[in-house]
Amino acid sequence: MPESVLTVLKYCFLALVYLFLFRVVQVVIRELRAPASDEAGDGRRDRRGRRDVRLRILEPESHEGELYPLGEEITVGRGGGCGIVLPDDSFVSTVHARLFRRGNEVFVEDLGSRNGTFLNGDPVSTATRLRRGDRVQFGQTVAEVVR
Amino acid sequence: MSATLPRRRASELGLGILAVIVAAFGYLLVQLAQKPDVPPDLWVILASVLALFIGAHVAVRRLAPDSDPVLLPLAALLNGLGFVTVARIDPGLGRIQAVWTAVSVAAFVLTLLFVRRIRTLERYRYTFLFVGMVALLLPLAPGLGKTINGARLWVGIGPVNFQPGEAAKVMLVLFFAAYLVDKRELLARGTRRIGGLRIPELRHLGPLLLAWGISILVMVRETDLGQAMLLFALCGLMLYVATDRIAYVLAAVVLFVGASVVAYSAFGHVQTRVQTWIDPFRYANNKGYQLVQGLFGFAAGGFAGTGLGLGNPKQIPNAATDFVFAAVGEELGLLGAVAVLIALLLIVGAGLRIATRAERPFPKLFATGLTAIIALQSFVIIGGVTRTIPLTGVTLPFISYGGSSLVANWVILALLLRMSDDNARGAPNRRSTVAARAP
Chain A
1 MPESVLTVLK YCFLALVYLF LFRVVQVVIR ELRAPASDEA GDGRRDRRGR RDVRLRILEP
61 ESHEGELYPL GEEITVGRGG GCGIVLPDDS FVSTVHARLF RRGNEVFVED LGSRNGTFLN
121 GDPVSTATRL RRGDRVQFGQ TVAEVVR
Chain B
1 MSATLPRRRA SELGLGILAV IVAAFGYLLV QLAQKPDVPP DLWVILASVL ALFIGAHVAV
61 RRLAPDSDPV LLPLAALLNG LGFVTVARID PGLGRIQAVW TAVSVAAFVL TLLFVRRIRT
121 LERYRYTFLF VGMVALLLPL APGLGKTING ARLWVGIGPV NFQPGEAAKV MLVLFFAAYL
181 VDKRELLARG TRRIGGLRIP ELRHLGPLLL AWGISILVMV RETDLGQAML LFALCGLMLY
241 VATDRIAYVL AAVVLFVGAS VVAYSAFGHV QTRVQTWIDP FRYANNKGYQ LVQGLFGFAA
301 GGFAGTGLGL GNPKQIPNAA TDFVFAAVGE ELGLLGAVAV LIALLLIVGA GLRIATRAER
361 PFPKLFATGL TAIIALQSFV IIGGVTRTIP LTGVTLPFIS YGGSSLVANW VILALLLRMS
421 DDNARGAPNR RSTVAARAP
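Protein chains in written order, with my numbering: chain A, 1 to 147; chain B, 1 to 439.
What the hints contain is simulated information worked out from the structure, not anything from laboratory work.
Remember, predicted model here, so these are calculated numbers, not experimental data.
It cannot be assumed that every hint is accurate.
To be verified - List of simulated lysine to aspartate or glutamate pairs, EDC-like, C-alpha gap at most 16 Å:
{"no.": "1", "chain 1": "B", "residue 1": "K35", "chain 2": "A", "residue 2": "E3"}
{"no.": "2", "chain 1": "B", "residue 1": "K183", "chain 2": "B", "residue 2": "D244"}
{"no.": "3", "chain 1": "B", "residue 1": "K183", "chain 2": "A", "residue 2": "D122"}
{"no.": "4", "chain 1": "B", "residue 1": "K314", "chain 2": "B", "residue 2": "D41"}
Same shape as in the complex, but just chain A:
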């Protein structure tokens, strides 16, 4: 086989390798543009297209599974004026804590409750960012952050 032909074939080969890499990069860019996670499922979003964050009660058992959308801001307490009312938990203060949104992030803040608010078992002293799957405890009530 003449050397010139082999040289041409060599460049063809390298071109093919780079064509492959170029196509891969195209697919990667597509992957990055369309975030993969749960496009199919719980597409609940608020007016501005942000995914709604909700609180799901895990304990006590009598309230397990109750879901509360958080919206822009919501208060948690035993008093009737709160957004999330927990009337039968005597360890919860009248106005116990506040959950609010800043941009795309949701925070929890204790409002000077007697027994404190706990995030994944740690006491919440300042406004603390919540992530999906976090466990928040008010009194004896435990809730999980879900979308």
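Dock chain B against chain A, hints included.
Here is chain B on its own, set in the frame of chain A:
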């Protein structure tokens, strides 16, 4: 499930077929360089490579339909390129590598088949720690262990030799990930004060240090410093990722420097590695021969390489294993070597993308660790061959000749795809309970 499903798998199929064509074309070029006719076994090669890829692809379609579309084709390309290079250097090794590739793809499919939920692995962390330790110790066992090229890393059963250390790495990363998920809060904060530093209780750090110490000790006994270094870096990296405390990185660096000094004064071959790294040409005819031949290979390759089958990569000792990157650099030039780097980077990128998209901490950390195995190993060997860092012999993922490493890398790939698939589906059981109870 979602509309993206057929699209992802379609991309994977298209890219994979392109990768198969690249491999077959490469094989054809090697043969054409020797004699002018199309080799008679080209169609056999093309068909079997295609069959292997399609087999893996169908398995992904069935078992992880929502997973990342680029990982499998990238691995196919690197594996194909590796096979072409290895077979070109030594046709005998090429045949063995072909068999190992088939075994690896089978291991890939079996991993996808048996590991249906990544959380199951998390539960068996101590089992994996134990098995990993045994695997590390196995080459030291009399009768079983074998010493090849001065390193007692191999276990021979009948005619088959393999390196259990390759599998041990994956198992240790699994253990580290599961353990750190449990203890990261404790490790991140630290309860005991020494000086101005808060350090965690020893009992939380204990099992980790033990696992790490034993594995490094074993590797030093087997005189495989490359693997020891890799494991060390891996552990420090995972500690950092889990706790977000830079102090662990600093501690790892300090320990590493200390260990390097000890290793340098204790092991003659470490001194050799450093000397040949600093000035290889002074030892061009003895200690530095391999490194110098590798550099000559790159030089001979230049920008576009000599062409497949037209260089002299056989001049380089161990060109099919540790120095495979030099062989690629010689015959495919800078363009080919950079293409390999890009492909490896894209694999690492895909792995880290899977880690960032994971919701639960265990898959997050596990995916990071698995990706780090591929990334660090590539860095250590490419850096060594190109004289960026002192040379330590580890395999170049998917490319180097070596069955154990190939199987381990394909298993890593399957685990990453499993986690990628989980990410895309969210957590199905959790979602269904919410839906059922929604007011």
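Hint check:
{"no.": "1", "hint": "K35(B) - E3(A)", "verdict": "12 Å, holds"}
{"no.": "2", "hint": "K183(B) - D244(B)", "verdict": "13 Å, holds"}
{"no.": "3", "hint": "K183(B) - D122(A)", "verdict": "14 Å, holds"}
{"no.": "4", "hint": "K314(B) - D41(B)", "verdict": "23 Å, violated"}
Consistency with the previously given hints fails for number 4 only.
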